[in-house]
Amino acid sequence: MALPKRIIKETERLVAEPVPGIQAIPHDDNLRYFDVSIHGPAQSPYEGGVFKLELFLPEDYPMTPPKIRFLTKIYHPNIDRLGRICLDVLKANWSPALQIRTILLSIQALLGAPNPDDPLANDVAQRWKEDEPGAIATAREWTQTHAAP
Amino acid sequence: MSAKVPRNFRLLEELEKGEKGQGSDACSLGLDDGNDIMMTNWNGTILGPPHSVHENRIYSVKLHCDEQYPDVPPTVQFLSRINLPCVDPTKLQCLGNWKREYTMETVLLELRRFMASGNNKKLPQPPEGSTF
Numbered sequence: 001m002a003l004p005k006r007i008i009k010e011t012e013r014l015v016a017e018p019v020p021g022i023q024a025i026p027h028d029d030n031l032r033y034f035d036v037s038i039h040g041p042a043q044s045p046y047e048g049g050v051f052k053l054e055l056f057l058p059e060d061y062p063m064t065p066p067k068i069r070f071l072t073k074i075y076h077p078n079i080d081r082l083g084r085i086c087l088d089v090l091k092a093n094w095s096p097a098l099q100i101r102t103i104l105l106s107i108q109a110l111l112g113a114p115n116p117d118d119p120l121a122n123d124v125a126q127r128w129k130e131d132e133p134g135a136i137a138t139a140r141e142w143t144q145t146h147a148a149p
Numbered sequence: 001m002s003a004k005v006p007r008n009f010r011l012l013e014e015l016e017k018g019e020k021g022q023g024s025d026a027c028s029l030g031l032d033d034g035n036d037i038m039m040t041n042w043n044g045t046i047l048g049p050p051h052s053v054h055e056n057r058i059y060s061v062k063l064h065c066d067e068q069y070p071d072v073p074p075t076v077q078f079l080s081r082i083n084l085p086c087v088d089p090t091k092l093q094c095l096g097n098w099k100r101e102y103t104m105e106t107v108l109l110e111l112r113r114f115m116a117s118g119n120n121k122k123l124p125q126p127p128e129g130s131t132f
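Protein chains in written order, with full-length UniProt numbering: chain A, 1 to 149; chain B, 1 to 132.
To be clear, the hints were calculated from the coordinates, so they are not data collected in a lab.
With a straight-line cut-off of 30 Å between C-alpha atoms, the simulated DSS-like cross-links for lysine-lysine are:
#1 B:K62 / B:K99
#2 A:K52 / A:K129
#3 B:K62 / B:K20
#4 B:K20 / A:K52
#5 B:K20 / A:K129
#6 B:K4 / A:K52
#7 B:K62 / B:K121
#8 A:K52 / A:K73
#9 A:K91 / B:K17
#10 B:K4 / A:K5
#11 A:K73 / B:K62
#12 B:K20 / A:K91
#13 B:K62 / B:K122
#14 A:K91 / A:K9
#15 B:K4 / B:K20
#16 B:K4 / B:K62
#17 A:K91 / A:K73
#18 B:K121 / B:K99
#19 A:K9 / B:K4
#20 B:K17 / A:K73
#21 B:K17 / B:K62
#22 A:K9 / A:K52
#23 A:K52 / B:K17
#24 A:K73 / A:K129
#25 B:K4 / A:K73
#26 A:K91 / B:K4
#27 A:K129 / A:K91
#28 A:K5 / A:K91
#29 B:K20 / A:K73
#30 A:K52 / A:K5
#31 A:K52 / A:K91
#32 B:K99 / B:K20
#33 B:K4 / B:K99
#34 B:K17 / B:K4
#35 B:K99 / B:K17
Which stretches of chain B does chain A cover? Using the computed rule of at least three CB atoms under 8 Å from a CB of chain A, they are:
#36 2-11
#37 34-42
We put the CB at the ideal spot given by N, CA and C, even for glycine.
Only chain B is shown next, with the shape it has when bound in the complex (with noise of 0.2 Å):
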């Protein structure tokens, strides 16, 4: 069995990733609170996928790790206005089957994946820098 990465030492990690630049481009995440040794509260930013309703848009978001992650996935919040099946209006519910392998980015990217999928990437959308 493989060393399993205490919560902290993750978030750092995954903290890092974004300073070094070593993320995706189509997504963002930085600490809410530069001084907050738990690391509890994240900032994020999807780029809206191409070939969509949501394309050149920056949607924000809010990601809230609590002392159980990564055993339980961070809870989600749209800052920016979206019309997405999931988002009631502000909460998120469209994350299911999470492992302890992802990482906040693995659920950015699925959000952008999940925008640019089937009907949701025709439906109408809010006025660009809207917040909810």
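If we strip away everything but chain A, and leave its shape as in the complex, we get (with noise of 0.2 Å):
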């Protein structure tokens, strides 16, 4: 299977410089497909949880965005049920001049900036705005309770 040298190049350097707090690992038998670990970023209701996720680099990756979801459970107004992330630059947004390092760093920021006024899970943005501590209580407790590392 031939991968393309762009994808060869970002995994070498995602494990010869790896991101502080973001794991990405290929898999053996699918290198388009990582296994990838996030830590909350301090100061965050996310903070001393570690949060798993999977990415996927579609055919036509770097002409369109990865495909990465949560598979940790999540308390956050740009995340659903199923882990889908509503962000930006894996959207609209995207550009090949990105790279699975940005987009994760950009997850990894989205957990410190919840943005309840572009909602994925319209019910957790509800909260956020009519009660913010209590949505970040339980954003604690579900990070206790589901992301312990």
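Hints in hand, dock the two standalone chains.
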């Protein structure tokens, strides 16, 4: 199977120079499919949690963005019940100049800066706007319950 | 060789096709439990094919996609009672020649085609709306 050079290079760099708090390891039997873990950022309700994600580079990557979702349950206004993520750089604002590494950093940043005005999980976003301390407390509880390292 | 879409992303594609209304009008599909991150169990419906005893009937089925899907086909079970040769009485055995490119929609449409074929379109059917 011929894997594009671009993907090989990105993978090598992810291994050689890992991003702090982020790990991405390709599956042996599918080098376009990665097991990812992201540490919740400090000073966020996700601090102390390790979140598992899966990432797939479609056939026409990097012309189209990677597909990525959370496997760990998370209480966040921009992440839905199936772990799908609402993030501009994964959709309309994707550019082939972006990489796996930049996308994972954007997701880590999204954990530190939830955006209830552009929600994917409507019930969570509404709670975030009406009762932010309550929503943050729930996000902390879920982190302890589901994302314990 | 083309990229091999992993199970979970394949199932998300199938889900999103339904959510966006891009699926066939002759069948429908949805997750049994919207919180099931592994997307294992699905509910489907098949609109009975025209010019057959099944016309205007809506058949409910359950589909189960295990960890090997789509390398292996989903298992399918009719919830609505139906008289069809491969339904025994609730397990389905007419899904031979599975290919990885096939989807759950392929299965539902193939069943619908089977309902409309040959003698099957004339078989006497249990009362409409009865379930196994």
